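Student: Residue numbers (this note's numbering), protein chains in the order written: chain A, 1 to 48; chain B, 1 to 410.
Don't read these hints as lab results, they were simulated from the structure.
What you are looking at is a predicted structure, and each value in this text was computed from that prediction instead of being measured.
The C-beta atom is built at its ideal place from N, Cα and C for all residues, glycine as well.
Partial list, derived from the structure: chain A residues whose beta carbon lies under 10 angstroms from chain B:
hint, residue
1, M1
2, V2
3, I3
4, A5
5, L6
6, F9
7, L12
8, L13
9, W16
10, I17
11, A19
12, D21
Chain by chain, the residues:
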Amino acid sequence: MVIAALVTFAALLAAWILAPDRSGQPQLTDDAAAPQAAARIALAALDR
Amino acid sequence: MPEISAGDTAWVLMSAALVMLMTPGLALFYGGLVRRKNVLSTIMHSFFILGLVSVTWVLWGYTLAFGPDTGFGIIGGFEWLALEGVTGEPSDVYASTVPHLAFMAFQMMFAIITPALITGAFAERKRFKAFVLFAIAWSTLVYAPIAHWVWSPDGWLFGLGVLDFAGGTVVHLSSGVAALVAALFIGRRAGLIEPATEPHDVPMTVLGAALLWFGWFGFNAGSALGANGLAATAFVTTNTAAAMAAITWVTISWLHRGTPSVIGAAIGAVAGLVAITPAAGFVTPAAAILIGFGVGAACYGASLLRLRSHVDDALDVFAVHGVGGAFGALATGVFATTAVNAAGANGLLNGNPGQLITQAFGVVVVASYSALATGGILYLVNLVTPIRVTGDVEETGLDLAQHGEIAYQP
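With the rest of the complex left out, here is chain B (with noise of 0.2 angstroms):
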């Protein structure tokens, strides 16, 4: 029986508090880019999905990601419904010096979040039912899989090598199309100001990409599982690369526009922070500053492309998220080293070219299942519920329409 760590377990179980902070952080830093209007609603999907998942994850998710693979390793059985046998005491096949209940916590709140993500793309124009029962299809019938076939040991990805420390193909490639094909399918937002509609509250929106980028050492840092050198390592990693693409998108805004952006600067710091996930446990500090300059520059020029298209992905989540997540993916691929990470495998730099084709591939499948499955879940939701609210309701905005509150007084 492995023996439990206090050092790593206090770690663990405060990594996990450390990513539930990221979704409240992320409402508002959605909910100070969408029309005052608009705001609580907002709130509200991330809000709610704290709810929802949180217990569809303890239900059936947890064993369906991480429970004893069904063969071919596509996904996991029911052997842990409602955490039946998911005890303290360690797991035989994942972190083994913390509880087994503290790894399947720290877990849930990467689950709880990747689906609040996708929300960015249909704010202001869903309808909250079929939010709802959206977010309940997609973190069981993509997230679930996706995580199982990269992080389970027994996931076919996983077995073919494909290198994701934290998450940048699970959490932000698998959530980034899909808000994509979200966007697609919903169609534009009535009533918008070209180029866009004008972030109603910029400090709201500063403030939660300061709780994202701090709740974001949790979610790297403790994915080394142990409160060790890797989590020191991928603690640095994470900042460095967020403060790269911060001064980074600043600068070409600054260069492109005439003025350095304060929401640049929080996006861009979001940026760095999703390219940085998938590598922050296999690549040195110096690389982090590679990379975070390097998708500072790619989510610039991806946003751009986005405004100059008819796709209202209405708070860029693909953007970021979707274009991030890929370009770390494949950094990963080029800068990965083992004597970062002796678990991990070298990169295309250190001598592994290799490591870059299996990453690409990952990105193929990972990207074409989760806009596949997005569609068809978006497909049989609208025949329950309409997707779409009616105009009146999109007008009239949906914090009172839906949910019948107003987020200030006039």
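Bound conformation, chain A alone (with noise of 0.2 angstroms):
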């Protein structure tokens, strides 16, 4: 049981490792693109 425990934690470590990282702009591709968009562009506004 112990090993399967330490197994699955691996496992999540591996997938955290290995996961797709948004590191350039932003990759919203689904309907809440728009809206999205729209916040980012007022939010930067708002923190200039």
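Grab the two chains, each in its own frame, and use the hints to assemble them into the complex.
Tutor: Spelled out as structure tokens, the structure:
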């Protein structure tokens, strides 16, 4: 049981290392993209 | 076989729940201080650690920190891997009137919040993947050994007589120094408006500070590990120091800047809570007033120095937790009295100047190890995945760029 628990966690750790990383521009591709993009512009303006 | 006390068990389990609430409280405290485009990523740091370290603590963290010593008081062994042998019966070593699992759960909450404290230093620019790897490595390679040194009866600093009632060195000094190293490693945020970016939601920060204050009663009074007079002492000294530091910080900022700062009240209270943490079960309420006053002034000065430096410790983790933790550890060496806790020691003002030297040695050792180990971990993580996000991501904000979500609709 202990080994199984450790292996399960190791699988998650591997997934975190291999998971895609949003390292560039926002990659919203669904219907939420339009309001999200508008929100981004508005937020950027507020932060300035 | 020691007998379980229902009262002690109820108090320790309740205290564990109180300390658990501190991590979401910290998320709100930090979340309010950052720009609105990074509030979710900042909250996520604390919330994800709540899950992450809960699991690693069960798997290997607890046995490394509190398991039977492997020799020389450096680290625990693997006898309690995945909590094998840690049951509903009391431990032979720790908190003999509560189930061993209750003691483990209480300590788990400390292990969770400690790496979460560091996240304030690299807020608004740390890559999430790098954060996850850093949190696992830091809690394993820095927190667990230091906890063993100070709190295990076989720990080498414990053997030297270092007093740390609830984590001034183990939790706050270690994380505060790590935060400073992390801030130096990752560099300054882009697009900062000097001298600092305005907090985007002060009520959120005050709510977070209030939850931290509330949870801290579990942190410190719970460290008595029983429902007894020592817990009551720690409860009162904790509240007294927090209150005194809050009003001291506000007063200094009022005199210095001309206005009594609301954020100052929140940060001042946290500084007081940090400083009383190592002393809570060793000093009198009157001493807690002096500790609160001293740390309010010391941490205010440290935050001013940070603003004038080029170090972008974004949310002043070092100024509050590093300086406050060291201050509290040294103050313990000054004010401690066996009249409060016979299991402790007298400090400088009670005829034992050696205790202050012992405390200072503990501070130097913990700070040095945390600095070196944190630097090494950051270097290695950076080899696996860049610690810092790209300039585009930083400009867009981590909420949208890293997590695909935003906190507020425009």
